[in-house]
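Chains as they are written, first to last, in our numbering: chain A, 1 to 337; chain B, 1 to 337.
It is possible that some hints are incorrect.
[Said to hold, decoys possible] What follows is a list of derived Cβ distance ranges for each label pair:
{"no.": "1", "chain 1": "B", "residue 1": "Ser273", "chain 2": "A", "residue 2": "Ser201", "range": "38 to 44 Å"}
{"no.": "2", "chain 1": "A", "residue 1": "Glu23", "chain 2": "B", "residue 2": "Gln198", "range": "54 to 60 Å"}
{"no.": "3", "chain 1": "B", "residue 1": "Pro97", "chain 2": "A", "residue 2": "Glu262", "range": "54 to 60 Å"}
For the record, the hints were derived by calculation from the structure and aren't laboratory data.
Note that CB positions come from ideal geometry on N, CA and C, so glycine has one too.
Protein chains: 2
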Amino acid sequence: MKIIILGFGAVGQGVARVLSMKEDYLKSNYDLNPQIVAVTDRSGAAIKEDGLDGELLLKTKNETGKISSYPEYGVPGVSSLKVLEEVEYDCLVEVTPTDIDDGEPARSHILKAMEEGKDVVTSNKGPLALSFQELASSAQSNDVEFKFEASVGGAMPILNFAHDNLAGCSIESIYGILNGTTNYILSRMAKEGSSYEQTLSEAQEMGIAETDPYQDVEGIDAACKIVILANSVLNLPVTLKDVEVEGISRITAESIALAKKEGLLIKLIGEASADALEVSPRLVRQGSPFAVEGTLNVATLKTDLADDVTVVGKGAGSVETASAILSDIISIWKIRK
Amino acid sequence: MKIIILGFGAVGQGVARVLSMKEDYLKSNYDLNPQIVAVTDRSGAAIKEDGLDGELLLKTKNETGKISSYPEYGVPGVSSLKVLEEVEYDCLVEVTPTDIDDGEPARSHILKAMEEGKDVVTSNKGPLALSFQELASSAQSNDVEFKFEASVGGAMPILNFAHDNLAGCSIESIYGILNGTTNYILSRMAKEGSSYEQTLSEAQEMGIAETDPYQDVEGIDAACKIVILANSVLNLPVTLKDVEVEGISRITAESIALAKKEGLLIKLIGEASADALEVSPRLVRQGSPFAVEGTLNVATLKTDLADDVTVVGKGAGSVETASAILSDIISIWKIRK
């Protein structure tokens, strides 16, 4: 299985690391021998038709910041689209940074790969939140596999879970804490009685919140995930602009203290159903699965037969997110081999 | 797909109900048309080669207590083994009561079906906790499917989840609240400061704890599930006698109050790993996924790549448990069709 990785940030590097780590495991458990035939970043690409070396990819990126400095097989300046045209491959792993204005360049990468009959795995929320139906129908008309488990909740397996494990159930709604940064901030505020501003700046110092925290704290990131869940699990053809979004930046220490007195917590909850598409701060009961702390993500599927089923997992992390990409790669391999 | 249901208590009736409810859904989503060709209980059987009526099965059982009173097609006194010999079928659904001394009669039913090349779905913990390896190797040598999602945690999908959704990960250990009755009792004790004896008797009045609560409160039920998880997910060839078990009957209101002061809760936790096979009361942190209340079940899989992944769901309930059986039936259908 020949793989092209577009984008070599935290997730792309995680994929290279995981494919290296799991080489023997994949061979013995699935008879799968994945080869990374090309990797791109802003600097250009590294291309080798019989497989690049995972460790050397990571070392090159770490030491020079440029994947195009890969010894002997680096190609400075080449574009990702050009790489998709000229390199022979089976599966595209699209992990360029998420853009929520037009979903580019990921959208074009994914469509190009599909048009050439290639399977696609992505963690990129942008094109999914803006153009889900276009991508899904391109996958269908080109008869390729399109998997994106890592786009929602990182290592919390929710999409494949809903499709495979609850096969006999109709899923009526999804309800979740889908952003680790805001869950961390709200948990700390509840525990310490601290203000939003103070807690955010501490989270930034610790590297948990980004320097520009806008998409996380204003609920945009969670809203993208709600769109993906609504399309993929509930078959609702919605996009980001259909979601009603309110973030956590106006939540005060006082309101959290008041809730706590009643045995309640304030959490940033995303909801998708035929009637509601929403991200907003809500009250949850202590002792419910939604009372989890830290950067954990949680999602509950309300089903007709199994009642509520909940999954909890790490919403982020390089290797954790890469593990979801790997499980998508394995499921494509099972279909193709 | 011709199905025989052995045992027509809460779970068996749930299966009949769910197959009726989901007739159109199964047809349109999976092109699956399941027919219940025989059902047995202590009284005998109902047998009809072109399919029994689900509603009439439930009505007959409810009104007469005997499935052998099924109009026209009732067969009083016939044994389950005889039914397996004489009725043509594709898949056995074994849902007779769990026996943890010798696993019978379920063990014999399952082996007989396998030897005749039939697929088997069961919720019965007895034969799995006592003879897992025997059953698994019989399934393998007879080349049949053997699924038992409903045996652990009812509607909490954990077995198929571990096998399918975490395909790229090695699972190192499993840690869980696997018994709803004890979780209910411990949650109430923590909330109300009540004694074990008082809380148990209230739970019995409400029908949450059984009249003979021994297997639940002494940890035997949870230990059976730990054995199934250890065999199925971790490939450890263990049986019930290998589990170190301590129940909750000696937990005092005082120790719960003391834990609560430190932000901790006492839960009955089962653990399976290469180093430990154990059910015992342990301290968990408030705000962790293990702090869930009521009759919920929880299981955490510790993985190499995805860190901890947790599933929460209803551990019991007729329709809930039947939904897990239905998802097993669907996955067998996908392989066979």
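Cross-check of the supplied hints:
Take serine 273 (chain B) and serine 201 (chain A): their Cβ atoms lie about 40 Å apart, and the range 38 to 44 Å holds. For the hinted restraint 54 to 60 Å between glutamate 23 (chain A) and glutamine 198 (chain B), the CB-CB distance of approximately 58 Å keeps it satisfied. Distance hint for proline 97 (chain B) and glutamate 262 (chain A): a CB-CB separation of about 43 Å, inconsistent with the stated range 54 to 60 Å.
Hint 3 alone, counting from the list given before, is not met by this structure.
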